[in-house]
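Could you slot chain Y onto chain W? The hints should help.
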Amino acid sequence: MIITLIDIILLTFMGATAIAILRLRSLFAVVMLSGIYSLLAASMFVALDAVDVAFTEAAVGAGISTVLMMATLALTGERERPAAHTAWLPIAVVTVTGAALLYATFDMPPFGAADAPVNLRVAPRYLNDSFGEVGLPNVVTSVLASYRGYDTLGEVTVIFTAAVAVMILLGGRKGDDAGIKNEPPKEKLADNDGDGDTA
Amino acid sequence: MKHHRVLRIVSKLLIPFIMLFALYVQFHGDFGPGGGFQAGVILASAFILYGLIFGLENARKVAPPAVVTRLVAAGVLIYAATGYAGLLKGGNFLDYGVLGATPVAGQHLGILIIEFGVGTTVAASMITIFFLFAGRER
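Heads up: the sequence lines are chains W and Y, in that order.
For the numbering used here, add 15 to where a residue sits in the first sequence, where the first one is 1.
For the numbering used here, add 274 to where a residue sits in the second sequence, where the first one is 1.
Okay, chain W solo, but in the shape it has when bound (with noise of 0.2 angstroms):
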């Protein structure tokens, strides 16, 4: 019951935080509200019990991301220019895939029942067997370092490629590891309060 409440607070200012994400102009705003989108996205895993999703994103979603974001703003604009058109065509994409999706969760079992497909294949192995195989409490880690380590490896891979592009993208010339050492602007990033002075 009382999950229940807090699923719906959540939701609630979820829904809250995106409807203003949509109507603000100002990007700072916005990189904040997303930050904050992100922090209750996280409660919201807790509440679902998926404390290792939640960490990751609590510190991914609100944590990293949002300082990539500031960091965009301070070499763009503060401010996104009005739509030049109406928004009849997405609005309409959006509601019909939206009303899709929603009408495919009826198809899905409860949300913990016992008898859904998820819960019946690997994941009682994992359970029953990973404590006496891998003999790690956590069965999270178990299942993502040991049972899964090839995808997690290829994660890794994710993560290197995603440094590589970026390094290639907004590194300067050659042989000087990566344009990094580039003169730097001392304090390119201090704008952090939004007001366009650096204090």
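It is worth saying that the hints were derived from the structure and are not from the lab.
Keep in mind the model is a prediction, meaning the values are calculated, not measured.
Heads up, a few of these hints could be off.
Among chain Y residues calculated to face chain W with C-beta under 10 angstroms, some are [to be verified]:
no.	residue
1	Phe291
2	Phe305
3	Ser319
4	Ile322
5	Leu323
6	Leu326
7	Val346
8	Asp369
9	Tyr370
10	Ala375
11	Pro377
12	His382
13	Ala398
14	Ser399
15	Met400
16	Leu406
For glycine and all other residues, C-beta sits at the position ideal for the given N, C-alpha and C.
For chain Y alone, coordinates are given in the frame of chain W:
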């Protein structure tokens, strides 16, 4: 942000604890929530906070870009090398069971090493991306 004395002192106090927490998340991921991904991001956030407060120049002195860019690759290599170590020991790729005296001990060792590789790559990638974004001319 050199004039914000409160921010400077508070972050000076906080950064060691952020790093300690990153290490805790890194090496306690086997027992509680967390692991290399989260730990890497938390460790990177300590450096990013330092860069935001004390300026990019000082952050580059603490984490030299030449070292950080190499660490991006080193983490993936540590991970893959653990996989090949399993192959050399007669198991399958990324089969940690053969790395230790008993399968469970091997799993422990393998997971510890690959999580360290994950943390290294994630932290170094985040720091590199931040340096590149923040060091760019408008």
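Against the structure, the hints come out as follows:
1. Because the closest C-beta pair between Y/Phe291 and chain W is about 15 angstroms apart, greater than 10 angstroms, the hint is violated.
2. Of the supplied interface hints, the one on Y/Phe305 holds, with its beta-carbon coming within about 5 angstroms of a beta-carbon of chain W, less than 10 angstroms.
3. With a least beta-carbon distance of about 6 angstroms to chain W, the hint placing Y/Ser319 at the interface is held under the 10 angstroms criterion.
4. Residue-level restraint check for Y/Ile322 holds (minimum Cβ-Cβ distance to chain W is 6 angstroms; threshold 10 angstroms).
5. Proximity of Y/Leu323 to chain W holds as hinted, the smallest CB-CB distance being about 9 angstroms (cut-off 10 angstroms).
6. At a threshold of 10 angstroms, the smallest CB-CB gap from Y/Leu326 to chain W is about 6 angstroms, leaving the interface hint in force.
7. For Y/Val346, the interface hint holds, the least distance from its beta-carbon to any beta-carbon of chain W being 5 angstroms, beneath 10 angstroms.
8. For Y/Asp369, the interface hint holds, since its Cβ comes within 10 angstroms of a Cβ in chain W; the closest pair sits about 9 angstroms apart.
9. Contact between Y/Tyr370 and chain W, as hinted, is supported at the beta carbon level, the nearest pair being about 6 angstroms apart and thus within 10 angstroms.
10. Interface restraint check: Y/Ala375 against chain W, minimum CB-CB distance 13 angstroms, threshold 10 angstroms, status violated.
11. For the restraint placing Y/Pro377 at the interface with chain W, the shortest Cβ-Cβ distance is roughly 7 angstroms, inside the 10 angstroms limit, so the hint holds.
12. Interface hint at Y/His382: satisfied, since its Cβ lies 6 angstroms from the closest Cβ of chain W, which is below the 10 angstroms cut-off.
13. Among the interface hints, the one on Y/Ala398 holds; its C-beta lies about 7 angstroms from the nearest C-beta in chain W, closer than the 10 angstroms criterion.
14. Taking 10 angstroms as the C-beta contact cut-off toward chain W, the hint placing Y/Ser399 at the interface holds, the least distance being around 4 angstroms.
15. The interface hint given for Y/Met400 holds, since its Cβ lies 6 angstroms from the closest Cβ of chain W, which is under the 10 angstroms cut-off.
16. Proximity of Y/Leu406 to chain W holds as hinted, the smallest CB-CB distance being about 4 angstroms (cut-off 10 angstroms).
In this structure, the earlier hints numbered 1, 10 are contradicted, and the remaining ones agree with it.
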